[in-house]
Structure formats: structure tokens, C-alpha cells
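Chemist: These are the residues of each chain, in order.
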Amino acid sequence: AQSVSQHNHHVILSEAASLELGCNYSYGGTVNLFWYVQYPGQHLQLLLKYFSGDPLVKGIKGFEAEFIKSKFSFNLRKPSVQWSDTAEYFCAVSSNFGNEKLTFGTGTRLTIIP
Amino acid sequence: DGGITQSPKYLFRKEGQNVTLSCEQNLNHDAMYWYRQDPGQGLRLIYYSQIVNDFQKGDIAEGYSVSREKKESFPLTVTSAQKNPTAFYLCASSPGFWGGALTSYNEQFFGPGTRLTVL
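Chains A and B are the protein sequences, given in the same order. The opening residue of the first sequence carries number 1 in the numbering used here; numbering runs sequentially from there. The opening residue of the second sequence carries number 1 in the numbering used here; numbering runs sequentially from there.
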């Protein structure tokens, strides 16, 4: 069974700092990878996704993630965070065999200090 | 506006009672899902349905039941057998393997959630 690990449970940064949130998955086959974000009081929404091709994926609001197959990782990055990035971030994986199910990580709470 | 609606937003129930959470989507998606979100545990899959009149258990189905009689609706019943029902419940949908493009068929869209409290 596939699993997802997000080792950072709570990250606190100052505005303008650079961000990297870790995500590792355990599945040996082809995968689809996702980052979702949950802003306070809002729906969970898609930040970015990887299906195939360029392993560097760009998403909304200046976020990007890099798929490193050899490390089973899909870390989320942003060069300069803003106070409005305060949210909970979830990494998710799906095996790419017509499988619609996603397996989510436990989430990382990001707090940005103005 | 296309999207997913969940009602009610807050729900209180007495111990020993069954309660049904509503989830409706107007995205014409084939697949629908129910998750439970607890602090520090992420989203855990309760049940999912890939097509009308069919559904499968997720990772934590015990104490829950679902039905999928219509494409747009996927209600979740939390039964009295669920030992720890107080949680935030999220419904989601995706186009599905037969209904979506190859690069988006399993991209899930989420509703606003229902917070259930058992008194």
C-alpha cells in the first residue's frame, strides 16, 4: 500500500523567507503527485500536481515542487513567503493505473510571521 | 457556480444516534469520496465511489455507511457503531477514469466540510 510522509508538522517562518516542505512517498511504480492547501476557513484546494514530463512543476501563488524519483520525494518550495501563505499543506499520491484514490500525508501547518 | 456543497456546516448529535451528512456536486464528476480530518492525522479515506450504484470501503470504513443512488449525491451516515465520531468530514469528487482527461481524472475537488460533534 502506498503511504506519504510529511516530516515537518509545524513550520514557522518570517515573511520573505524561503520555504521548503518535505514530502516522501512509498510506492515503487508510476505515481501522480499533488500538493493541496487549506487556508484558514477555506476549502482544501489544489496548489499543483505532477503527472508526467518535466519534474519541476509550477503551481499557483508562486509555489513549485520538484519530483525526484530516485528519492521518492516531491518537496514544495517557494522562494519568498508572504503572510497570506499561512495555511495547512497536504501532499498526496496516487498510483497511475487508473486509480482515482489519493493517499494524503498528515499535513504541515505553516505559520508566517509578518 | 460549479462545486461541491456539504450540509450542514456544524452538526451535533447525541451518543448512540445515527446521523447523515450530505454531499452534492454539480461538476458532473463520476467519482466521489468521503474523508475524515483529525488534527495531526491528515485526511483519511472513509468510502469512495467511482460510479453510480457502486462504492468501496476506504481505510477507516468501520462505523460508517454510504449510498450512491445519483451521480451528484453521496451521503455519509455516521452510525452509533463509530467509536470516535467527533471530527471534521470532507467530501470530494473527481472526474474519474472514464470521465476525465488523462492528466486530471484523479484531481479531487473538495467541499467546505461538516464538523460533527458528538455530545
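Don't read these hints as lab results, they were simulated from the structure. One should not assume that every hint holds.
[As the list claims (entries may be wrong)] Looking from chain A toward chain B, a few residues come up when the C-beta cut is under 8 Å (computed):
| id | residue |
| --- | --- |
| 1 | Tyr39 |
| 2 | His43 |
| 3 | Lys49 |
| 4 | Glu64 |
| 5 | Phe67 |
| 6 | Ser94 |
| 7 | Lys101 |
| 8 | Leu102 |
| 9 | Gly107 |
| 10 | Thr111 |
[Claimed, not checked] Simulated DEER-style distance windows between Cβ atoms:
| id | chain 1 | residue 1 | chain 2 | residue 2 | range |
| --- | --- | --- | --- | --- | --- |
| 11 | A | Ser18 | B | Gly63 | 40 to 46 Å |
| 12 | B | Phe12 | A | His9 | 26 to 32 Å |
| 13 | B | Gly3 | A | His9 | 20 to 26 Å |
| 14 | B | Ser80 | A | Lys71 | 44 to 50 Å |
| 15 | A | Thr30 | B | Thr20 | 35 to 41 Å |
| 16 | A | Pro40 | B | Thr20 | 23 to 29 Å |
| 17 | B | Gly63 | A | Ser26 | 24 to 30 Å |
| 18 | A | Glu20 | B | Leu11 | 37 to 43 Å |
| 19 | A | Ile12 | B | Asp38 | 41 to 47 Å |
| 20 | A | Ser5 | B | Asn26 | 22 to 28 Å |
| 21 | B | Glu15 | A | Gly53 | 50 to 56 Å |
| 22 | A | Lys61 | B | Ser7 | 25 to 31 Å |
| 23 | A | Ile12 | B | Gln17 | 37 to 43 Å |
| 24 | B | Lys83 | A | Ser14 | 40 to 46 Å |
Ideal Cβ placement from N, Cα and C applies to all residues, glycine included.
Chemist: Quick check on a hinted range of 40 to 46 Å for Ser18/A and Gly63/B, using CB atoms only.
Modeler: holds (44 Å)
Chemist: Per the hint of 41 to 47 Å, is the separation of the Cβ atoms of Ile12/A and Asp38/B within bounds?
Modeler: Since the Cβ atoms of Ile12/A and Asp38/B sit about 22 Å apart, the hinted range of 41 to 47 Å is violated.
Chemist: Is the gap between the beta carbons of Lys83/B and Ser14/A within 40 to 46 Å?
Modeler: holds (42 Å)
Chemist: Taking the closest Cβ pair, is His43/A under 8 Å from chain B?
Modeler: Holds, about 5 Å.
Chemist: Per the hint of 26 to 32 Å, is the separation of the Cβ atoms of Phe12/B and His9/A within bounds?
Modeler: holds (29 Å)
Chemist: Does the beta carbon distance between Ser80/B and Lys71/A stay inside 44 to 50 Å, or does it fall outside?
Modeler: holds (45 Å)
Chemist: Under 8 Å, Cβ to Cβ, is where Gly107/A needs to be relative to chain B, so tell me if that hint holds or is violated.
Modeler: holds (5 Å)
Chemist: Can we keep the Leu102/A interface hint, with Cβ of chain B closer than 8 Å?
Modeler: At 6 Å from the nearest chain B Cβ, Leu102/A passes the 8 Å test, so the hint holds.
Chemist: Next item in the hint list is Lys49/A. Is there a CB on chain B closer than 8 Å to its CB?
Modeler: Status holds, d = 6 Å.
Chemist: Do Glu20/A and Leu11/B keep their Cβ atoms within the hinted range of 37 to 43 Å?
Modeler: holds (38 Å)
Chemist: Does the Cβ distance between Ile12/A and Gln17/B fall inside 37 to 43 Å?
Modeler: holds (41 Å)
Chemist: Verify the CB-CB distance for Glu15/B and Gly53/A against the hinted window 50 to 56 Å.
Modeler: Holds, at about 51 Å.
When each numbered hint is compared with the structure, violations occur for hints 1, 4, 5, 10, 13, 19 and 20.
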